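Enquirer: Please build the complex by placing chain B on the supplied structure of chain A, with the hints as guidance.
Spelled out, the chains give:
2 protein chains.
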Amino acid sequence: MTGSLAPRALAGALTEWRRALGDEHVVTSAEQLRQALAATLEHPSEVWALLRPGSREQLRQLVLTAQRHRVPLYTVSTGKNWGLGSRLPVRPGCVLVELSRLTTISDFDPELATVTVEPGVTFQQLYDFLAAQGAPLFVSVTGASPGASVIGNTLERGDGAGVYGDRVHQVCAFEALLATGETVSTGFARFGQVELARLHRFGVGPALDGLLTQSNFAIVTRLTVWLQRLPRSLSVVRFSLRQEQRLPPLVQALQALRLDGTLRSVVGLWNDYRVLSTRQRYPWELTQGATPLTRAQLATLAPAWGGGRWFGTAALYAPSPAVGAALREHVQATLGPLVDELEIQSREGEPKSGAELFHEGDPAFRFLQGIPHQGSLASVYWRWRGPLPAALDPDRDGCGVLWCCPTLPFRGSALAAAAELAEEVMLRHGFEPLLACLAQTERCLYLVPLIIYDRRLAGEDARARACHDELLTRYVELGFLPYRLGVQSMGALPPSVDDTDALLRRLKRLFDPAGLLSPGRYEPSD
Amino acid sequence: MTGSLAPRALAGALTEWRRALGDEHVVTSAEQLRQALAATLEHPSEVWALLRPGSREQLRQLVLTAQRHRVPLYTVSTGKNWGLGSRLPVRPGCVLVELSRLTTISDFDPELATVTVEPGVTFQQLYDFLAAQGAPLFVSVTGASPGASVIGNTLERGDGAGVYGDRVHQVCAFEALLATGETVSTGFARFGQVELARLHRFGVGPALDGLLTQSNFAIVTRLTVWLQRLPRSLSVVRFSLRQEQRLPPLVQALQALRLDGTLRSVVGLWNDYRVLSTRQRYPWELTQGATPLTRAQLATLAPAWGGGRWFGTAALYAPSPAVGAALREHVQATLGPLVDELEIQSREGEPKSGAELFHEGDPAFRFLQGIPHQGSLASVYWRWRGPLPAALDPDRDGCGVLWCCPTLPFRGSALAAAAELAEEVMLRHGFEPLLACLAQTERCLYLVPLIIYDRRLAGEDARARACHDELLTRYVELGFLPYRLGVQSMGALPPSVDDTDALLRRLKRLFDPAGLLSPGRYEPSD
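Quick note, the sequences are listed as chains A and B, same order.
Under our numbering, think of the first position of the first sequence as 1, with each following residue one higher.
Under our numbering, think of the first position of the second sequence as 1, with each following residue one higher.
Just so you know, the hints here were simulated from the structure itself, not pulled from any lab data.
Bear in mind the structure is a predicted one, so any value in this text is a computation, not a measurement.
Do not take every clue at face value.
No distinction is drawn between identical chains; accordingly, a pair holds when it is met within one copy or between any pair of copies.
Said to hold, decoys possible - Subject to a maximum C-alpha distance of 20 Å in a straight line, what follows is the list of computed SDA-like cross-link-like pairs (lysine to any residue): (1) 508 - 182; (2) 508 - 105; (3) 508 - 525; (4) 352 - 261; (5) 352 - 253; (6) 352 - 125; (7) 352 - 181; (8) 508 - 7; (9) 352 - 132; (10) 508 - 11.
Chain A with its partners taken away, still in its complex shape:
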């Protein structure tokens, strides 16, 4: 498909699009396109235009035009997929479609705790909306940008804070546009505007929602998000280990606490390098400009930030202060003997709405109750020199960020092995092993080795990519398969051992016979 498009077809499509969307929403200037493709990683990219439809109906017309002229489209919600490709298409030779103008929020139900959003609705917008409603409800937010799309993150099967952090289980009533211009819906939504559509995931008959996540089969244009109730008791459990050897038994205890229902939300673990990177920027003076920061150098910094080897945070959501107190006691008894420091703080009371929490001082309490923050965003400036820009924009500022996303069995031995591998590989390639680990479910860990670098330095993109690729390859060899892929790695999966890849290819042809929607995205390897 790439490069094979006749110039006339594109010109014809652009004419139709300009008429339908208005000139200002059909961007073709080289400079603007260059800016749109600014990203935190290097990936061969070239787009012919950027379209910004203003409504779901405009989007449908736009897709029909693309279909008539056989122009491939690559769709992003708000394009904040940092570390995994920002808004870069998987393959060059397409038109970028950004859905950030589709910002309708509708059907808010304060009793049954649901709200419906379009792809342009960001975590910040949804928080602001809920706060304005004054309902004691919140949407699980991510640690990434407040400007990220709720739908974008959901379709990537991203994770977040709170009991509803496994986001893809807390949404329903997808409306999706096919390449043919047809509209389909999941669950009971196929029967029209019934209330049940917003309350039940599956409806009756085959469930289609899973097909629309991590896929390029269709464009999701709307879905309903389920909201968690603000807790009457919330406790933040913080702990740390000074010695690496204590990690496996701690992980085993955390798994037991997930399995027995004590910990109902994601538990975060961070290594020393990662914690340092959230507290300060790279110590250029100490290393006299050299990279990476060695373990020995890191040790000399310990007095300044407290040291320690692994750090963790968990949350206890409880329906009453007494339940909260009993949960804290259980956690204290279980984790106490296994960690070097353990601190539990709590907040109690009957919250009226997220707006009230805005003045809460501890960012963890804010985050765990659905207030988006920019904390993690600042940390991708780790290798930045000099004062930070007033408004952060890692794409524009040349911050290099590459995520690798291995999934691990929830076992101490697995995390120890995966962390050791990351440390060896990343330091050898010249990057600090910045490790975050999320205890995502009762049975799995999501490890995130973050490669953070300065794209403005010659050769760094290639070194980062080599580091990433070695990590991904070696994790796959260990059976630690990725739960998400960056645009540069869509072809990196091993082939299926059975006929699943063949079925996935047939499904793609069924949904999108001409292969026009986001070519290459989450397609099986050839």
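Expert: Frame of chain A; chain B shown alone:
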């Protein structure tokens, strides 16, 4: 397709099947087929043979034979789909395939709490297996037969006891056989025998599992079940209402307790008629042989069984006795003012395995910890006269059972309206309004109006069917769409308002071009 099969094609297929499965597993005698099609409801049925493959590979060969000869197959696991069709095919003119001989249980992981089963594995077998392992883990069981298939119930998106009662969210690594003989897998299982496949639902890329539930796209031959930990504290909350008007505020409070995480498992509500039907059989003497039992007659029985209008049971699973106590206190404070009777009992301690619970006297505690029971089964003999048979078999015994399965928004007003409708319609058609209501999630109620009758009485099948159909139609009109369908009602759904039905039809053709797998099952209406 029906009736159009050439006799030669069938004869050729039967010859191949006899060779592959052995004569004893290819049943063609009219008497045996009649027995196999015994069911609790009337539905036009006719099958040419019954096949019982002994392994997944035999099943695959069997399907390839069907494909070569173009013989439609209708697959059941163990065929215990009582109230929704037992093992009756949706359409006559096919070969019945029963998977009850596929009973392999494998890959038990006591730490991460998973086990893999084939379609013939029943709840009783899995309980026995786990008890023998001595692990403090259990699988959520249904209120139906201990002989029901775990996979069968899961694929129907059935529900059960415990925190993992929303069963379809607690399984992964489906292996499925396509009509072409191809094998596909969901999640990471497509990459082969990796441990992660049993620990993570989605893997990477489009998620296929939803497509394989309530569908006839493929035959699921294996999946991994996630196990819940036996609780260190379990409380059973029982409550009742004497007046109907108290129901709506109670439902609202239950919804709040689901939403705030107090109640993490299904809450059951039963009306007076339904409770009576679980305690005794129809009072033939009182009514002098007449049916249905009127409200006035029911009232005269109240002294014998205690009376009351609505009854409920909820469970509190807690990781420690202190958490259990605090949860009980919260429930007591919330529900106490809203009900007429409230009783909370609890069991505490560190359970070693389900085998220990076998001697627990209270059946609720047994059921809530994964011990299957026959209690509900006996209640379908409600209209039976004389002593019960030693071994219960509602299909054989002519028990009439027809379920209607409306989904309701989790609102008191919705349940009140749906219950009132059931009572009026069912009594008018000559049946007691036996109502069970499951608070399945934080946002939905599953109502089960049970039509229980005696199939041996002339005209009762037709009256029951007319009653069921009127209920279904009127619930759909109210927006209370069904979450499951019986074989007789697969064509009863309204058409989709968008292109979803068209997509579902295309998907069926993609998976099964000749339409050979379970024709009509959960297909959209024409």
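Enquirer: Taking the earlier hints as the rules, which of them does this structure contradict?
Expert: 2, 7, 8 and 10
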